[in-house]
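Participant: Position chain B relative to chain A; hints supplied.
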Amino acid sequence: MIEFHLDPRSGVAPYLQIVQQVRQALLLGLLSEGDQLPTVKQVVARVAINPNTVLKAYRDLEREGLVAAKPGVGTFVTRTLSQASLTEHEPLRNDLAAWLKRARGAGLTEAAIEALFTSTFRATAEEER
Amino acid sequence: MTAILEAHALGMRYGRRQALTDCTLNIPPGHVVGLVGPNGAGKSTLLKLACGLLNPTSGSIRVLGNAPGSGPEQLARVGFLAQDAPVYPHLSVADHLRLGAHLNPRWDQDFAERRVAQLDLDPTQKAGKLSGGQRAQLALTVAAGKRPELLLLDEPVASLDPLARREFLKHLMESVADNDTSVILSSHLISDLERVCDYLIVLVSSRVRLAGEVDQITAAHHRIVCTRREPDTLPAGLEVVLAEHTDRQSTFVVRTDAPLPAGDWAAESLSMEDLVLTYMETAAANPRRARQDSEVAR
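Listed in order, the protein sequences are those of chains A and B. Letter 123 of the first sequence, counting from 1, is numbered 123 in the working numbering, and no numbers are missing. Letter 262 of the second sequence, counting from 1, is numbered 262 in the working numbering, and no numbers are missing.
Next comes chain A alone, as it looks inside the complex:
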């Protein structure tokens, strides 16, 4: 069983923090197929958050196909985020490193690179929505 924590200063919505923590646990191998997630009651009793927030996070994970709810029993992991997705990281990281090198070569400061990345990240995230 894993436990959640909440960082109020992160600026990330509480339900997203839970989604991210499950994804991270899957990537790190803390969770694998068949494992049960803590029940809503266990989470709220530990973290002191709104039960709807936990439900929303679990529904999101369900939509992604990572977990499935068994009514009356609990929510279970249905997929392991295998090493395959980790190997995807390497070429993407290389692309990003090349891009960063180009940006620095073009004279952008660290802050300018960060601003450009963040604004593009948000813009494309909204387009995909």
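It should be emphasised that the hints constitute simulated quantities derived from the structure, not laboratory data. From the three backbone atoms N, C-alpha and C, an ideal C-beta is built for every residue, glycine too. Some hints could be false.
Unchecked claim - Ranges between beta-carbon positions, derived for each pair:
1) G29(A) to Q125(B): 32 to 42 Å
2) R9(A) to A117(B): 34 to 44 Å
3) G29(A) to E281(B): 43 to 53 Å
4) E62(A) to D180(B): 14 to 24 Å
Facilitator: Quick look at chain B alone, frame taken from chain A:
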């Protein structure tokens, strides 16, 4: 489904002082509602109107579909925890549960005893000898033990230390998860509300300035920073909540239900704390506007 609380042009006047003005709300069921605002804004008045301790001087209010305090059935459905978690200092912890059992038709003795054990409270202890945190927990136990559909809590954690506050909120959220209880809770501690609330009401100088689901409110507000310009040069559809200018820069907080259009500005989202403070500041800066509103309402 019946709204937790429905108010139309609700007003409350104490003598010459208007404590609540033209308050219109419709809160759907299943929410934990955070009620924020400066001292004297009308938060306690609204909660007392909702449980039937006060009768409005104008407008109307319905709670879970009925007039507040309209009979024993309605009283059993609504739990109210007044400010500073009052308990009877000369009665023991067990006496409080006995009292709860006698006064409430839906009393859940199992739950109440379990909670007292969980909290490590000595049932024979006089309530007056408990710590602030224990008193608040006992008061919550009695309020939740009556198994209300709606719990009204007036600054329940204000006097508690951070650990006691967190424990109190955990128990409150457990009650919500167990029984689908709806909650309206007033507090100055926005970081607490951010954890537990999914609906927000900002009340300033007796008026509702902002009300809605937290997710929707947060998604609809943006802070944009740009070269100095007048608010009316912004694209149509952006409602300007706050405008601040320096000699070359303008900062706006805008509200739009559509996605924010792209523009020559930096945009960011606001935390719940920033949002609440923004609405409090603009209300404080525009007392005249509030007065004009009330004239229109009359």
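Participant: If you check the beta carbons of G29(A) and Q125(B), does the distance land in 32 to 42 Å?
Facilitator: violated, 48 Å
Participant: Is it true that R9(A) and A117(B) lie within 34 to 44 Å of each other by Cβ?
Facilitator: holds, 35 Å
Participant: Please check whether E62(A) and D180(B) have a Cβ separation lying inside 14 to 24 Å.
Facilitator: Holds, at about 21 Å.
Participant: At the C-beta level, are G29(A) and E281(B) separated by a distance inside 43 to 53 Å?
Facilitator: About 48 Å separates the Cβ atoms of G29(A) and E281(B), which means 43 to 53 Å holds.
Of the numbered hints given earlier, the model fails hint 1 alone.
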